[in-house]
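If you read the protein sequences in the order shown, they are chains V and R. Its first residue numbered 700, the first sequence is counted upward by one per residue in the numbering used here. Its first residue numbered 443, the second sequence is counted upward by one per residue in the numbering used here.
Hints in this document: simulated from the structure, not taken from any laboratory. Some hints here could point you the wrong way.
[Claimed, not checked] Some, not all, of what chain R presents toward chain V, calculated at C-beta under 10 Å: (1) Asn449; (2) Leu453; (3) Gly458; (4) Gly485; (5) Val487; (6) Lys501; (7) Met538; (8) Asp539; (9) Arg542; (10) Thr546; (11) Gly548; (12) Pro557.
[Said to hold, decoys possible] Sample of chain V residues facing chain R (criterion: CB under 7 Å; computed from the structure): (13) Gly741; (14) Asp755; (15) Gly805.
For glycine and all other residues, C-beta sits at the position ideal for the given N, C-alpha and C.
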Amino acid sequence: GAGVSQSPSNKVTEKGKDVELRCDPISGHTALYWYRQSLGQGLEFLIYFQGNSAPDKSGLPSDRFSAERTGGSVSTLTIQRTQQEDSAVYLCASSLVLSGNEQFFGPGTRLTVL
Amino acid sequence: SQKIEQNSEALNIQEGKTATLTCNYTNYSPAYLQWYRQDPGRGPVFLLLIRENEKEKRKERLKVTFDTTLKQSLFHITASQPADSATYLCALDRLMDTGRRALTFGSGTRLQVQP
Chain V
700 GAGVSQSPSN
710 KVTEKGKDVE
720 LRCDPISGHT
730 ALYWYRQSLG
740 QGLEFLIYFQ
750 GNSAPDKSGL
760 PSDRFSAERT
770 GGSVSTLTIQ
780 RTQQEDSAVY
790 LCASSLVLSG
800 NEQFFGPGTR
810 LTVL
Chain R
443 SQKIEQNSEA
453 LNIQEGKTAT
463 LTCNYTNYSP
473 AYLQWYRQDP
483 GRGPVFLLLI
493 RENEKEKRKE
503 RLKVTFDTTL
513 KQSLFHITAS
523 QPADSATYLC
533 ALDRLMDTGR
543 RALTFGSGTR
553 LQVQP
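Model the full structure from these sequences, guided by the hints.
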């Protein structure tokens, strides 16, 4: 596709349920990032993938959060046993190389945990 | 602790004037700094990147300065237009504990250009 796509665009779930958020990066981009943005706040780094290297998970807020990237392309962010404080917009970005190059962002998934 | 500060108050200016947004940082030694624009309900869009050895970068009506001594970047939009109204985010690269580099974003400044 022409840009980064994310699905779903909106997700409402009940506290305690698991959710999966999907990111389809720009074809050929080797680096993929997940961020979280709470209302009126900046972007909080969660995790990134670079090529076939082990992902950098240092930004994940708890062990309820995990992500995988299959075949170096599509990525899925999974949140287990969701809590109300997980409510936020989850943004995915991709870039050609890890350092320096501009990041291309998807439209985000708005997660609401009731 | 590491901190990136952008003015949380909205900046309101008249059309045609120059908008100047500030990004200050502490306890970082970034190799480069980026500016992004974010419209409501959308992901950020890259605008400019400036490296630590560059003092100034221009792109059309945009100008970015980077002062590593003051630990500050200024983002200017000349001849501003109502269409420039958005939130502007600065982002610094940083060396993480894992030895890799990643971007850290400021919380952004909302710009409102009045016609």
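Item checked: Agreement of hint R:Arg542 with chain V interface, Cβ distance less than 10 Å -> Check passed: Cβ of R:Arg542 comes within 5 Å of chain V, closer than 10 Å.
Next item on the list: Using Cβ atoms only, decide whether R:Thr546 comes closer than 10 Å to chain V, and label the hint accordingly.
Entry: With a closest approach of 7 Å, the R:Thr546 hint holds.
Margin query: Can you verify the interface hint for R:Gly458: is its Cβ closer than 10 Å to any Cβ in chain V?
Written below: 29 Å, violated
Notebook entry, point to check: Can we keep the R:Lys501 interface hint, with Cβ of chain V closer than 10 Å?
Noted result: 12 Å, violated
Item checked: Residue hint V:Gly805, partner chain R, criterion CB-CB below 7 Å -> Result: holds, 5 Å to nearest chain R Cβ.
Next item on the list: With chain V as the partner, please determine if R:Val487 meets the hint condition of a C-beta pair closer than 10 Å.
Entry: This interface hint holds because 7 Å falls under the 10 Å limit.
Item checked: Restraint satisfaction for R:Asn449 [CB to CB of chain V, less than 10 Å] -> 13 Å, violated
Margin query: Let's test the interface hint: is any C-beta of chain R closer than 7 Å to that of V:Gly741?
Written below: Check passed: Cβ of V:Gly741 comes within 4 Å of chain R, closer than 7 Å.
Checklist line | Hint check, R:Met538 versus chain V [nearest Cβ-Cβ separation less than 10 Å] | finding: Holds, about 6 Å.
Next item on the list: Double-check R:Gly548 for me: the hint is only fine if its C-beta lies closer than 10 Å to a C-beta in chain V.
Entry: Holds, about 5 Å.
Next item on the list: With chain V as the partner, please determine if R:Leu453 meets the hint condition of a C-beta pair closer than 10 Å.
Entry: Since the shortest Cβ distance to chain V is 15 Å, the answer is violated.
Next item on the list: Have a go at the R:Asp539 hint: is there a Cβ in chain V nearer than 10 Å to its own Cβ?
Entry: 6 Å, holds
This entry does not satisfy hints 1, 2, 3, 6, 12, going by the numbered hints stated previously.
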